[in-house]
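Residues per chain are reported as follows:
There are 2 protein chains.
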Amino acid sequence: MGSTVLSDLATEIVVPVCAVIGIVFSLIQWFLVSRIKVSPDRHSSSSNNGKGAGYGDYLIEEEEGLNDHNVVVKCAEIQNAISEGATSFLFTEYQYVGVFMVAFAILIFLFLGSVKGFSTKSQACTYNPQEMCKPALATAIFSTVSFTLGAVTSVVSGFLGMKIATYANARTTLEARKGVGKAFIVAFRSGAVMGFMLAANGLLVLYIAINLFKLYYGDDWEGLFEAITGYGLGGSSMALFGRVGGGIYTKAADVGADLVGKVERNIPEDDPRNPAVIADNVGDNVGDIAGMGSDLFGSYAESSCAALVVASISSFGINHDFTAMCYPLLVSSMGILVCLITTLFATDFFEIKAVKEIEPALKKQLIISTVLMTVGVAIVSWIALPSSFTIFNFGSQKVVKNWQLFLCVGVGLWAGLIIGFVTEYYTSNAYSPVQDVADSCRTGAATNVIFGLALGYKSVIIPIFAIAVSIFVSFSFAAMYGIAVAALGMLSTIATGLAIDAYGPISDNAGGIAEMAGMSHRIRERTDALDAAGNTTAAIGKGFAIGSAALVSLALFGAFVSRASISTVDVLTPKVFIGLLVGAMLPYWFSAMTMKSVGSAALKMVEEVRRQFNTIPGLMEGLAKPDYATCVKISTDASIKEMIPPGALVMLTPLIVGTFFGVETLSGVLAGSLVSGVQIAISASNTGGAWDNAKKYIEVSIRLSEAIGGFLSWPVYTVVIALTILFH
Amino acid sequence: MGSTVLSDLATEIVVPVCAVIGIVFSLIQWFLVSRIKVSPDRHSSSSNNGKGAGYGDYLIEEEEGLNDHNVVVKCAEIQNAISEGATSFLFTEYQYVGVFMVAFAILIFLFLGSVKGFSTKSQACTYNPQEMCKPALATAIFSTVSFTLGAVTSVVSGFLGMKIATYANARTTLEARKGVGKAFIVAFRSGAVMGFMLAANGLLVLYIAINLFKLYYGDDWEGLFEAITGYGLGGSSMALFGRVGGGIYTKAADVGADLVGKVERNIPEDDPRNPAVIADNVGDNVGDIAGMGSDLFGSYAESSCAALVVASISSFGINHDFTAMCYPLLVSSMGILVCLITTLFATDFFEIKAVKEIEPALKKQLIISTVLMTVGVAIVSWIALPSSFTIFNFGSQKVVKNWQLFLCVGVGLWAGLIIGFVTEYYTSNAYSPVQDVADSCRTGAATNVIFGLALGYKSVIIPIFAIAVSIFVSFSFAAMYGIAVAALGMLSTIATGLAIDAYGPISDNAGGIAEMAGMSHRIRERTDALDAAGNTTAAIGKGFAIGSAALVSLALFGAFVSRASISTVDVLTPKVFIGLLVGAMLPYWFSAMTMKSVGSAALKMVEEVRRQFNTIPGLMEGLAKPDYATCVKISTDASIKEMIPPGALVMLTPLIVGTFFGVETLSGVLAGSLVSGVQIAISASNTGGAWDNAKKYIEVSIRLSEAIGGFLSWPVYTVVIALTILFH
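Going down the list, the sequences are from chains W and G.
If you count by this note's numbering, then the first sequence holds residues 1 to 728, one letter each, in order.
If you count by this note's numbering, then the second sequence holds residues 729 to 1456, one letter each, in order.
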């Protein structure tokens, strides 16, 4: 079997060092952003990137003789309002979710502990019955701890992301006065703060947890990594609520603000006279930043844990080869370094000078990170893996070479790039699909809806083939472990992916602030250009999230099936087939719930906005201030209340099906919901992105955006929960 | 095993007699409709139902002093224009499809014949190797013949349906002058002509084919019923093109006519000044009548054939028990008698006196036919089946009791009723879902689209459970034979189902003719009431079609798997799983194609209609006639051209996947496309139906209708084709 080039000691050092490098880099980016002052007295020093008073360093406001002092004060005010709204919403959300998390943690403890009557005696291992493993009570305690760690890390990741985003939006607006390039750098750096913070934190917490747990578990790696799976579950449970709650919030506010403001009153987007405008901007931060962050963290944690738990019962775990065991963590560590270099290409090596360079710059980020990461994965696979080893495969051990594992990670990585580019093609207004959708508006909303939905359906084809190829290659080489590391490969450039993702809502908010602060039209044009690119990148981010969720779900499905001792899931048995059929229905049910929630909340919002326009004298003339708080409250209440039924559906389905219909039907349900959910998710996400950009392309379009596509990375959750409940 | 109460001779008599009764009843209905004259000179005798000059027998026109002569002449003219347009389109369509059918028939002959080198020698049977079966060349010839028979029967069914519909529409309009009850009876009778003609013809042709083939095959029932499966394939291949071609035609015309006429020009629906109005009315006939007829015939023929082919290798076939073998045909025969009685409830036993009685009357049809049919199936199961027998189940024989088979048929029958009622609940404007959608229009198109899509997604839940229960019950009792007869049970009341179905477009056309002929507003109100009920019933019909298609597909899938000698289709193997994933994507691809086609054709139509309004002087004032023919041509050209790619996708997928990736992946693809397609089909169909009725409910809504849901009974076709290619 051979040993690894990298020693165990080196692994122990390399992983935390890379994580710390990521955190430090994130702090540096944050520091650079913070040097732009939003206090009015020192605006002359707002040029901060050390390049002196070169090109574009004068301010449009000065040129046009506007009162700069007032503008900066106003920006600061608006930024505060958005930040406070977002913080207050997240705290409310976390209170509710916190109660659920505590209950769920207790449930996990009781469930796992009760399996052997809270026994404190050691027991024979499940996969190596000749060895002794730690008692069930230990598994219960450590699983609960790692679940809590995962949940808390997810919350912290989302919250910090929101904080930096609301910290950066006004700064982006102010920098936009100096040119589109400067604004781009601020927005992108802020995105990078979130990306690196999340990737590095996720890695570091996982690494520390493994090392601390090892103090107790010692050589019982089977028990150790089983307990670690709680980390992934915690992360993705939080993600479920973050995504659904944030999604309902942002879409209700978005739809409500636009329908009355733009369509009925014919005032610009983000006009300060619109009562829902603050809620709209808050929504971008809680939904597209905090929600997306939690979501990607969840997938990342799940794929790491899925890989680790399979590895623990493969030759890595049996031979106690720590470096090989940590292969998933080493890939993530390499990812942080690669993304660091990639980020410099966007912020330091080149400077954007014109609007049309924005999208290529973001695209280059994807390409550079993927190419570099391919080399990185090759290095990691070479130094961290024995040349030959075995991987657990539904009861037997399969021999795998290190280059095969490299291919598994690589195929996931490149599938991610393909999904990204396909998404870009279908959602960017630079290509014919979105132009066709925009063009179809000439004949009204009906053809627009038809074209938009058709575009979404069509955009599913290539990503599905990409995912199918990844599954086939990675499974053929290394069974379920291969699929888990393929997911990890897709997520290995998560820091760059998240930076691109977070960049979008930040630019969107920057545009809103420019509008609300009454800044020059030229500044709004610049932020709009940033925002259009951001809409596309948001869709790309969702593409990554969905693709990796599909792979992770499958890996977890495999783990579930292994643990439930099912050797075949035969479609030809009626139990499995009706499971498939009903499972394929569940994403529709889930979507119906969330869409109905968005629709109802948007209706309420529209009525409130109309009421304010009709009853507050002088509002349309700009003489009176609207009541922003009521709109924020509508979105908050709706999302908190409405996130419960879809959450319950996801959580209860596996429990109910498993209990009443048995594991075979449950297997069918999981497979069915996976293959059906991924289609709905991709098509809805791209339809939403395309509509959003078609709206920019010409000013007639309907504001459906991602009301439909916002929160549909459904499949992962079912599987996750099923896994834990039946896994143990 | 025991013998049957009904002797073989009795079976030989009963089946054709029932079929002939159906045809005679159909002709009587046609005769009753034909007694309403659309020639102006004899209008005083247009009261024809023998009840004398009772209630409502005066004409609104006379009362209001309108020129009755001119109105009747105009109605006749418009009817002719619609009929000619529909006939000409269908002939064009049949030319293209005919070429394809001939090519496909030749392909089938060559493919099946070449398996054994066009051998004319007898060979050992596949399932009973100790017996001798007829040569491969015979199978090739007879399969080709039955394929052709199926295709021709499908064409004839669709064509006759269209003819009677275009014959009845103006008559319904004229009868509407006497009251809504009279108009209802005409429309419903005309629907019944189509329903009974199709059900009885389908049965009779199948019966005759079996008896003729038997002259050659003798006791080789395995070969006989294998050859008969071509009948189902012929029917459903035609249905594919009929549905897609007709669907694109009708939706393009519909969307095009409404977007310019109603939305931009603010003229009423079906206003004669609208250049697309004739195309719109033609579309109803070629899409919703001919297309739907072909579709249901396809499902009906497929389920009969699937049941027969399984029976031929079960104890029925092995023991040469002709009566039991003909159980599917006897169920259909009973269905004709039951539907005959049911129809009398609508047309003779009661008379509708008020608008609000229409929907209950149609609903009663569903309930009465289901209740009576339950008794009918019990009788058939008792007299036509031995008390105990065996059914082929993936290689083994399973013992089944006659009451179990009764339950299989019964569960399908009642699942159909449940699907029908759920569909009604979600698409009728009498209940809250459609009212909510209509209500959401207050805040614009975006919320309307969100609510509409959410409604469709939600409407999937109960039908899927109904189908799942049917599958579970029928498979548990009688394996794949059980599923085939469950599908047959759902379709056993096809005559009533089709009558209700066809009633919708006839009423729709009647309203159009009233508008175009310039008749009183009160008449239009009556036809609108008929039409609103018709939109709901059209959705119910689609629900039946989709539900039965799902069951039939599964039965055929089982047959394919049996023939391909696959004993398990294990989701845990990568080949099957990627098949599932890609299969679940195919309905999206298919839908993207058809929706894009509808969108493009609608765009062209809109531009043409706008052009005519802008360039023909006096058109808006009603002084000049629009150029109807150009609009008819746009729809015709678009649908002929655009039906080819989706058709090719359906036809080629199984061939390509089977050839390059093997039968395991193909099994996955078939299962995936089945479970995913049925969801899209139900949700799209109900979203469309709800939008259509929400539009009626208040006059602000977008005209998406069933652009999305029109032709999505996708899964059946893939499976069908796969079946035949690999079956033999």
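The set of hints was computed from the structure by calculation and includes no laboratory data.
A portion of the hints provided could be inaccurate.
Computed from the model, here is a short list of chain G residues facing chain W with C-beta under 8 Å [what the hints assert, rightly or not]: (1) 895; (2) 1122; (3) 1124; (4) 1168; (5) 1289; (6) 1309; (7) 1310; (8) 1388.
Calculated pairs, EDC-like style, for lysine to aspartate or glutamate (alpha carbon to alpha carbon, straight line, at most 16 Å) [stated by the list, open to error]: (9) 1303/G x 271/W; (10) 906/G x 1167/G; (11) 1332/G x 436/W; (12) 178/W x 351/W; (13) 625/W x 271/W; (14) 364/W x 348/W; (15) 1303/G x 1392/G; (16) 604/W x 1164/G; (17) 1092/G x 1076/G; (18) 604/W x 1079/G; (19) 1332/G x 439/W; (20) 942/G x 1164/G; (21) 633/W x 664/W; (22) 575/W x 1256/G; (23) 1332/G x 1298/G; (24) 1353/G x 1365/G.
Computed list of chain G residues with no C-beta within reach of chain W, every gap over 10 Å [as the list claims (entries may be wrong)]: (25) 735; (26) 742; (27) 828; (28) 1192; (29) 1200.
Keep in mind that this is a model prediction, so the values were computed, not measured.
Backbone N, C-alpha and C fix where the C-beta goes; we use that ideal spot for every residue, glycine too.
### Query
So which of the earlier hints does this model not fit?
1, 3, 8, 9, 10, 18, 20, 21, 22, 23, 24, 28, 29
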